[in-house]
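Undergrad: Following the hints, complete the assembly by docking chains Z and U onto the known chain F.
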Amino acid sequence: MPELLRVENLKKYFYTNQGLLQAVDDITFSVNTGDTLGIVGESGCGKSTLGRVILHLHDRTDGKIIFDGEDISDVNKVKLKKLRKDMQIIFQDPYSSLDPRKTVGDIIGEPLKIYKLTNDKNEYVKKVKGMMDVVGLAMRTMNLYPHELDGGRRQRIGIARALILEPKLIICDEPVSALDVSIQAQILNLMMTLQKDHGFTYLFITHDLSVVKHISDDIMVMYLGQMLEKSDSASLFKHQYHPYTKALISAIPIPKYNAPDNQIILKGEITSPINMGDVCRFAPRCIYAKPNCFNEKPKMEEVRPNHFVKCHYTREINNL
Amino acid sequence: MDEKLLEVKDINIHYVTEDETVYAVNGIGFTLDEGETIGLVGETGAGKTTTALSIMGLIPDPPGKIISGSIMFKGQDIFKMSEKQLRSIRGDQISMVFQDPMTALNPVLTVGKQIEEVILLHNDIPKAEAKKRTIEMLEMVGIPGKRCDDYPHQFSGGMKQRVVIAIALACNPKLLIADEPTTALDVTIQAQVLELMKKLRKEYGTAMIMITHDLGVVAKICDRVAIVYAGEIVEIGSNKDIFVDRKHPYTMGLFNSLPDIENDSKELHMIKGLMPDPVDLPNGCKFNPRCPYKTEICENEKTPFYEVAPGHQVRCNKFALREVQNA
Amino acid sequence: MMAEKTSSKQQKESKRTQNNRVRNETWHRFKKNKLAVTGLIVLCIFIFAAIFADIIVPYGYDDQDPDRAMLFPNRKFIFGTDHLGRDVFSRLVYGSRYSLMIGFFAVGISVILGTIFGVIAAYYPKLDNIIMRIMDLFMSIPQMLLAICIITSLGPGLFNLMLAVGLSSTPQFARVVRASVLSTKEEEFVEAARAIGGNDLQIIIHHILPNSLAPLIVQATLAMARSIISVSALSFLGFGIEPPKPEWGAMLSAGRSYIRTQWYLTVIPGLAIMAVVYSLNVMGDGLRDCLDPRLKK
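Residue numbers (the numbering used here), protein chains in the order written: chain F, 76 to 395; chain Z, 785 to 1111; chain U, 101 to 397.
Next up, chain F with everything else stripped away, as it sits in the complex (with noise of 0.2 Å):
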């Protein structure tokens, strides 16, 4: 399937009154159309800022995005919102992500207002009625408000208003977080049934492991701001070559008798993100750090077809 999105070098820095924040530093990949991509880092990695910038909602300090074969890197305002047809959101929390004084209704049919695509109200009621429809929300629903539905069903009215559109792209920053294990499950498998059926991209961002292995093609992994590893689902889960990335699969609790406990225990706490420079972002956590990680910004490197990984002493540390 052909690439539908590409981002090269793509950089968002703010700058604080501390100093300089990397938030996205330098990030490359490409995402084919109806695949899916998993982002995956713990908290202060960048991953929600870069599917903002993106997204245009943050504006990016460097680098490129390509969109279905168009440099949309620099756009105006008439561009993006034609743009914005095309690539949507899906918000991780349900509560906040809704406004509270809009019934479901309003808030799944706004896009359609927006950008005027139905010409009058019974074509508007029924696009409505018939998004509920795929997404599951029962049409008595239309005219509560998003307080008094649960967590699963506020979440599917967010599915639904990105999904109106018919975009071609969709972000999804956590979408399944917030969420009851048993709901979760429900959610995801609506959201692997309309890829399947509609063909949509993701990009999945989430820090929870079980599940971005179970929805994702290809997965990346972000510690403070840069790309450590990236590879596809199952050889990730297999074997990863980044000290982190074996950290962090590590560390996922399993839920089964007796599961060996090889925990990998990372020393200390996430550095501070601000002027950290060029460096190794993990080595003051990494047992194998060598005095020139503290120096020295790794290169990423392809070490397996497909596999990719920043990290001075990957070799090294995999017996490759």
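Every clue listed holds true.
Under the rule of at most 27 Å between Cα atoms (straight-line distance), these lysine-lysine pairs were calculated in the DSSO-like manner:
no.: 1; chain 1: Z; residue 1: Lys1056; chain 2: F; residue 2: Lys204
no.: 2; chain 1: F; residue 1: Lys331; chain 2: Z; residue 2: Lys982
no.: 3; chain 1: Z; residue 1: Lys986; chain 2: F; residue 2: Lys331
no.: 4; chain 1: F; residue 1: Lys86; chain 2: F; residue 2: Lys372
no.: 5; chain 1: F; residue 1: Lys331; chain 2: Z; residue 2: Lys1024
no.: 6; chain 1: F; residue 1: Lys156; chain 2: U; residue 2: Lys285
no.: 7; chain 1: F; residue 1: Lys157; chain 2: U; residue 2: Lys285
no.: 8; chain 1: F; residue 1: Lys271; chain 2: Z; residue 2: Lys1056
no.: 9; chain 1: F; residue 1: Lys156; chain 2: U; residue 2: Lys226
no.: 10; chain 1: F; residue 1: Lys160; chain 2: U; residue 2: Lys285
no.: 11; chain 1: F; residue 1: Lys331; chain 2: Z; residue 2: Lys1056
no.: 12; chain 1: U; residue 1: Lys226; chain 2: F; residue 2: Lys86
no.: 13; chain 1: Z; residue 1: Lys916; chain 2: F; residue 2: Lys342
no.: 14; chain 1: Z; residue 1: Lys1102; chain 2: F; residue 2: Lys331
no.: 15; chain 1: Z; residue 1: Lys1056; chain 2: Z; residue 2: Lys1086
no.: 16; chain 1: U; residue 1: Lys285; chain 2: F; residue 2: Lys152
no.: 17; chain 1: Z; residue 1: Lys849; chain 2: U; residue 2: Lys132
no.: 18; chain 1: F; residue 1: Lys196; chain 2: F; residue 2: Lys157
no.: 19; chain 1: Z; residue 1: Lys983; chain 2: F; residue 2: Lys321
no.: 20; chain 1: F; residue 1: Lys271; chain 2: F; residue 2: Lys204
no.: 21; chain 1: U; residue 1: Lys285; chain 2: F; residue 2: Lys86
no.: 22; chain 1: F; residue 1: Lys152; chain 2: U; residue 2: Lys226
no.: 23; chain 1: F; residue 1: Lys188; chain 2: U; residue 2: Lys285
no.: 24; chain 1: Z; residue 1: Lys983; chain 2: F; residue 2: Lys342
no.: 25; chain 1: U; residue 1: Lys131; chain 2: Z; residue 2: Lys849
no.: 26; chain 1: F; residue 1: Lys321; chain 2: Z; residue 2: Lys982
no.: 27; chain 1: F; residue 1: Lys191; chain 2: U; residue 2: Lys285
no.: 28; chain 1: F; residue 1: Lys331; chain 2: Z; residue 2: Lys983
no.: 29; chain 1: Z; residue 1: Lys897; chain 2: Z; residue 2: Lys916
no.: 30; chain 1: Z; residue 1: Lys915; chain 2: Z; residue 2: Lys986
no.: 31; chain 1: F; residue 1: Lys154; chain 2: U; residue 2: Lys226
no.: 32; chain 1: Z; residue 1: Lys930; chain 2: F; residue 2: Lys342
no.: 33; chain 1: F; residue 1: Lys342; chain 2: Z; residue 2: Lys986
no.: 34; chain 1: F; residue 1: Lys342; chain 2: Z; residue 2: Lys982
no.: 35; chain 1: U; residue 1: Lys285; chain 2: F; residue 2: Lys154
Keep in mind that the hints were calculated from the coordinates and are not lab data.
TA: Relative to chain F, chains Z and U alone:
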């Protein structure tokens, strides 16, 4: 026959307001030995936090009402204690760690002061000694002692949670109630904090009630597990019983919904429907509207516990051949 | 028994109207506050009196008759008569028109101007400083003094009075609206509105203002109370409504000289002012309590 450290006997707790009554806890019961860890597992609204708060005598009244039951802690009924008696127990014999470390600490007091506070409340010792103990506690949870004069905002989420644990364990309580202690933390920090809790538990011999919805955490740290649904325990047993030999349809549904990190799966099994609104609970077995195995009895009569193996009980009529009373 | 309870709850559900359920809930909560409801009732009585003054009053507000001057409250003149023989009750009822009308319109001016300034200041940070410093300038002048200055330069009269009181209250509204918009615009649903292609104006009108209403409504009721007192004070000082129009503050002022004997000439308009102001205050309190937090569940 040893006296159990904690015996929760058939407690019923409702939240009563003018408009409606919330049936939060409907007949929960379990026991805990010294040094044992039990996990209370369930989804949002199941009644786990209400149960935990009731053990500390912290149910706000109004609107909370203890309808029936008893909680025997070292032989004394929590429900019958005066506020004064409860205060002497809280922090000293029973401590609690809450979910959100961001809001559990007072932002205008140093962490050292907050640990000292609990020590001085329950021990008549000179301040210098309390300070010494405070620094010991900080070191014990992996924070350099000299940081006792720092304020909460100067710590990260994981470290704040360690401080909260330090406060909870400062007086060496017999029972620690941890309500989703690692849910708000990153997974690598969660690993650190869980390791810490395991170490401290071993060193102090503290019994623990671990409330969580994360089955991975339960597997790692709990000796026994109780699955909570709509204010009731639907299955209770040892760690092995629940993970290897689970019986209740809800428990099975819960495990089936988990994305499996080790194997590939095409689609996640889901339990259709939602947990009932605690204001409007179904008749009979509370899980029956969502249960693929339900029968007429399930719809009409309250389901008792059935023992399927020593120490392993299931609240489900599928196992009606073997009958035993509630735990 | 449980089955019955379930079905009656379902019935209750279907009976509730689908639309405007947030408003219904808010009203329901307001009703519980007995004091606020009392305030609302008292206010409604005054509004009713103001509208139907012509029908209610037994005499005109300027019917003079020296023969029946300075009469204590009796059966014919339930609030007595003043030094010119005019019926105090009739003057009081007509006077309610001025107090209430000025209150509403002055606040209306403040609300509209304050909202515009507040929204612009909050949404366009570059203009924030200029606008708020101008507001600060106005706020640093005592409200009474400001109103007097405006009236002195524009001349007396009903409209100028409303303008003066309205303008002097604008900065407070600008502040409240600005604060509310600042916090609302950081909410995720506003980001969502941008993501689906909304422009600034659309977002402000559809999303930000409706969610900033609560503090605005509360401020408005309280400001109305303050306006009525301001107008009364201005009239008392001679800057407000001109005689023979029966404004409560002016009546108070006129009755001052007779306070030792015909005390009712001062006390009764004073009580009327108190009643309206108090009602507006408790209503404002009640509104604040039930609108915020807005959503119960």
